[in-house]
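2 protein chains.
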Amino acid sequence: MNNKFNFNVREQRNLTMLVDFYELTMGNGYFDKGLKDKIAYFDMFFRRVPDSGGYCIVAGVEQLLEYLNNLKFTDDDIDYLKSKNTFSEEFLQYLRDFKFTCDVWAVPEGNPVFPNEPLVTVRGPVIQAQFIETMILLTVNHQTLIATKANRICRAAGDRPVMEFGSRRAQGYDGAIYGARAAIIGGCSSTACTISDKMFNIPAIGTMAHSWVQLFDTEYESFKSWAELYPDNCVLLIDTYNVIKSGIPNAIKVFDEILKPMGKRPNGIRIDSGDITYLTKHCRQMLDEAGYEDCKIVISNSLDEHIIRDVLEQGACIDSFGVGERLITAKSEPVFGGVYKLVAIENNSEIIPKIKISENDEKITNPGFKKIIRIFDKTSHKALADLIVLNNEKLDESKPLTIFDPVHTWKRKKLKNYYAKELQVQLFKKGKCVYDCPSVLEIKEFSKNEINKLWSEVLRFENPHSYYVDLSENLWALKQSLLHKYTKSYELQD
Amino acid sequence: MNNKFNFNVREQRNLTMLVDFYELTMGNGYFDKGLKDKIAYFDMFFRRVPDSGGYCIVAGVEQLLEYLNNLKFTDDDIDYLKSKNTFSEEFLQYLRDFKFTCDVWAVPEGNPVFPNEPLVTVRGPVIQAQFIETMILLTVNHQTLIATKANRICRAAGDRPVMEFGSRRAQGYDGAIYGARAAIIGGCSSTACTISDKMFNIPAIGTMAHSWVQLFDTEYESFKSWAELYPDNCVLLIDTYNVIKSGIPNAIKVFDEILKPMGKRPNGIRIDSGDITYLTKHCRQMLDEAGYEDCKIVISNSLDEHIIRDVLEQGACIDSFGVGERLITAKSEPVFGGVYKLVAIENNSEIIPKIKISENDEKITNPGFKKIIRIFDKTSHKALADLIVLNNEKLDESKPLTIFDPVHTWKRKKLKNYYAKELQVQLFKKGKCVYDCPSVLEIKEFSKNEINKLWSEVLRFENPHSYYVDLSENLWALKQSLLHKYTKSYELQD
Numbered sequence: 199m200n201n202k203f204n205f206n207v208r209e210q211r212n213l214t215m216l217v218d219f220y221e222l223t224m225g226n227g228y229f230d231k232g233l234k235d236k237i238a239y240f241d242m243f244f245r246r247v248p249d250s251g252g253y254c255i256v257a258g259v260e261q262l263l264e265y266l267n268n269l270k271f272t273d274d275d276i277d278y279l280k281s282k283n284t285f286s287e288e289f290l291q292y293l294r295d296f297k298f299t300c301d302v303w304a305v306p307e308g309n310p311v312f313p314n315e316p317l318v319t320v321r322g323p324v325i326q327a328q329f330i331e332t333m334i335l336l337t338v339n340h341q342t343l344i345a346t347k348a349n350r351i352c353r354a355a356g357d358r359p360v361m362e363f364g365s366r367r368a369q370g371y372d373g374a375i376y377g378a379r380a381a382i383i384g385g386c387s388s389t390a391c392t393i394s395d396k397m398f399n400i401p402a403i404g405t406m407a408h409s410w411v412q413l414f415d416t417e418y419e420s421f422k423s424w425a426e427l428y429p430d431n432c433v434l435l436i437d438t439y440n441v442i443k444s445g446i447p448n449a450i451k452v453f454d455e456i457l458k459p460m461g462k463r464p465n466g467i468r469i470d471s472g473d474i475t476y477l478t479k480h481c482r483q484m485l486d487e488a489g490y491e492d493c494k495i496v497i498s499n500s501l502d503e504h505i506i507r508d509v510l511e512q513g514a515c516i517d518s519f520g521v522g523e524r525l526i527t528a529k530s531e532p533v534f535g536g537v538y539k540l541v542a543i544e545n546n547s548e549i550i551p552k553i554k555i556s557e558n559d560e561k562i563t564n565p566g567f568k569k570i571i572r573i574f575d576k577t578s579h580k581a582l583a584d585l586i587v588l589n590n591e592k593l594d595e596s597k598p599l600t601i602f603d604p605v606h607t608w609k610r611k612k613l614k615n616y617y618a619k620e621l622q623v624q625l626f627k628k629g630k631c632v633y634d635c636p637s638v639l640e641i642k643e644f645s646k647n648e649i650n651k652l653w654s655e656v657l658r659f660e661n662p663h664s665y666y667v668d669l670s671e672n673l674w675a676l677k678q679s680l681l682h683k684y685t686k687s688y689e690l691q692d
Numbered sequence: 199m200n201n202k203f204n205f206n207v208r209e210q211r212n213l214t215m216l217v218d219f220y221e222l223t224m225g226n227g228y229f230d231k232g233l234k235d236k237i238a239y240f241d242m243f244f245r246r247v248p249d250s251g252g253y254c255i256v257a258g259v260e261q262l263l264e265y266l267n268n269l270k271f272t273d274d275d276i277d278y279l280k281s282k283n284t285f286s287e288e289f290l291q292y293l294r295d296f297k298f299t300c301d302v303w304a305v306p307e308g309n310p311v312f313p314n315e316p317l318v319t320v321r322g323p324v325i326q327a328q329f330i331e332t333m334i335l336l337t338v339n340h341q342t343l344i345a346t347k348a349n350r351i352c353r354a355a356g357d358r359p360v361m362e363f364g365s366r367r368a369q370g371y372d373g374a375i376y377g378a379r380a381a382i383i384g385g386c387s388s389t390a391c392t393i394s395d396k397m398f399n400i401p402a403i404g405t406m407a408h409s410w411v412q413l414f415d416t417e418y419e420s421f422k423s424w425a426e427l428y429p430d431n432c433v434l435l436i437d438t439y440n441v442i443k444s445g446i447p448n449a450i451k452v453f454d455e456i457l458k459p460m461g462k463r464p465n466g467i468r469i470d471s472g473d474i475t476y477l478t479k480h481c482r483q484m485l486d487e488a489g490y491e492d493c494k495i496v497i498s499n500s501l502d503e504h505i506i507r508d509v510l511e512q513g514a515c516i517d518s519f520g521v522g523e524r525l526i527t528a529k530s531e532p533v534f535g536g537v538y539k540l541v542a543i544e545n546n547s548e549i550i551p552k553i554k555i556s557e558n559d560e561k562i563t564n565p566g567f568k569k570i571i572r573i574f575d576k577t578s579h580k581a582l583a584d585l586i587v588l589n590n591e592k593l594d595e596s597k598p599l600t601i602f603d604p605v606h607t608w609k610r611k612k613l614k615n616y617y618a619k620e621l622q623v624q625l626f627k628k629g630k631c632v633y634d635c636p637s638v639l640e641i642k643e644f645s646k647n648e649i650n651k652l653w654s655e656v657l658r659f660e661n662p663h664s665y666y667v668d669l670s671e672n673l674w675a676l677k678q679s680l681l682h683k684y685t686k687s688y689e690l691q692d
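Line order of the protein sequences matches chains A and B.
So the first sequence is numbered by the numbering used here: it starts at 199 and just counts up by one.
So the second sequence is numbered by the numbering used here: it starts at 199 and just counts up by one.
Heads up, some of the hints might be wrong.
All copies of an identical chain are treated as equivalent in the list; a pair is satisfied when it fits inside any one copy or across any two copies.
Stated by the list, open to error - With a cut-off of at most 30 Å between alpha-carbon atoms, the simulated BS3-like pairs for lysine-lysine come out as follows:
(1) K651 - K443
(2) K554 - K479
(3) K646 - K297
(4) K609 - K236
(5) K231 - K609
(6) K529 - K561
No wet-lab data here; the hints were simulated from the structure.
As the structure is a prediction and not an experimental result, all values here were calculated from the model.
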């Protein structure tokens, strides 16, 4: 129902100039060399899952779509670029008249994805397809990083809700705003970030800070005032002075004196410091003895998936978690290393695959215009493998499918009784948006379902099973031929 | 000269709703309890320097000022808040008519600062002073984190310029935009982020990506085209295929064939992968032998302060560094833990100091309305110590000053021949902005000078000397008396 509030906030920002300067010097170069309309194909993909996890959750597609829809150089932008004395007048005129005409495909948000899969594929005039590199990477890298981290934390918490509390420690305003969005996609139940609720219709919640308690002469008075004000949703922060000696007795007193006569039950108590296991066990006991078995215990003190698993294993009595800085910055591994690589060009409508060589084997790219196919078992509906194939390849699902490891090619596996699903969807057709983004809460639900289709071995925190991401015979052969060709050209030089 | 481009970009964004929801539930509470105009004092401070460094560089004050200047709830905001069914109609009317009336002080950007020092102090009606918590923390935490990290990296690079290249891996758009700003404050020479140049008049630069090279049939042709286009600023990326066998020979060939006949000298070559020490030594030798002793070597491959120190010690031949993901996310420690705590209230114009107790000694706050005094040696002009004092305290610089460790109080030091400087300046007087922000390049210059006033022992990377941040006698005594008072109140309960 909040959707009516979204429009203003989201339409006003034009991020066209958020671009690495070299995209512009190259753009000027493509223009000058008559190459601007050369058709190029780029893939955005990543090489490894953060925190040695088994999969990532892709996120940020909606913002990518908004960015591409809003691409436009203002007079101000052109004046600024002119002042750099780097660009030709003709190129600046081209930017003034800029019109986005690319095709764009992406894996919809919430999908579990794996290394080397093209999350975004762009086809179009190289001057355009190159220009949008910075924002594609920035947008998808950031939200995928946070959704993936949130998903780890939420899995550790099991059925207990996880609230995103990190705005104050986020890396910049959008780190908070879109970080909260990605956290919900990853599985969080709510956020403290109000503007994200307004923009994305995701539930924002909050109660009190220590300063509320400090402002009153006594902790008891501060609790009393709060209970009078919010009898239907009374959560008290009990660690301003001393949890056991002061906080919990005062809370129980207020529940008894204020809520009980009103016929209301307390919602919860929150603890933000100290030994979680010890304190929650004591609090649970004291609450139960006072007749408040239904009063929830909320914890929020520099948590992450490891601490959550630890304290739950130790028998801590916790009903929900507020997770801040370690989620909103993905502290344990705060960089998502997505890259954007040229994989093909067109010469007279013929697709010419391109490869990026590297002495580091992992950095060699998969050439050509490709798509991803996910193979599911017909009986269990579990995902068996992903196959990266050339875009024009078709899979005959009625026949057995043999997949093989792209490095150790003798490792082969025959799949029967399967069905296949293409992962990418088209976002833009010749520059026109053709995709309707689902709501964030729909994406969250979708994501949960898709993750449930992974075997539990892939979900494991420690040393998860490496999900199969193989290449089709055709793609594998193409890659080998390009590698041999380049090796040969060096041999000739030696 | 670019300042004329800034205005539009910076004025359009109203971040009023970027606020933790609990600031609003508390605001509603202060309003309901008749406490909204109660005068409160809050300090923003941090507890430890990231990466075990000796100091931080404060940044973000200009954005804090813009935020406070733009505070305003739109009709949309109010409609949204109403839909939450949490706030009284009177409180919503108060927000509709919201007018900021606080006093705000801050340490100007670029200053080296230390744990427990109030970087920002707010005095005003508690409902307002509380509301701005989220944005004060978010703004100053983020930019201080990045400026501090950039400063470490730039110190490792010594006189060699460091370029900020991290936009694509930043945590959200503002992570890139304001991260670039903070990186310049910390000492970077330039950024790849175009919009940051436009907004803050900081130099944006860039050359080519691997895709430029890949688009041509041969590396040689791609270099030739570039040199023809940018003969005055020709930097070639030489690692698309093979640096030694292909990249550097092709670059030299193009310098000879294209630039030399035009009477131009090459600007540089860039290497983005591989063994930096080995490759740069080889490239230097080949360039020198070809007569291009002045051609610079630029390196850009997952760098940070440790790798930069290492390769320079190994004799790598590098003229400048492009630093990306490890700077823009402060990867080694991506959270800056600034906090915002109630330190006093006023009762009938009398200041009543407040303290936050914790079983963790470091988390106990310094109570009262305070300021920071930095003590300099009159002869060397080096900074000797900082003193946190009550706001009404005056220092008689003609008399010796005895400072003492606030925990081990027997550790005392007598200072003579010194002068003192107050660090905080006033940003807002009763809600009116009274501070003119310097430009980013001015802040960068100022910061360099202030860091030069620290002893080299404080600048050390490993185990730096802990700079003295002591409390005045009065403040120390006040803190002790509040601690004893609270301890006593628990004893009575036992």
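**Item:** Hints not upheld, ascending by number
**Value:** Result: hints 1, 3, 4 and 5 break, sorted rising.
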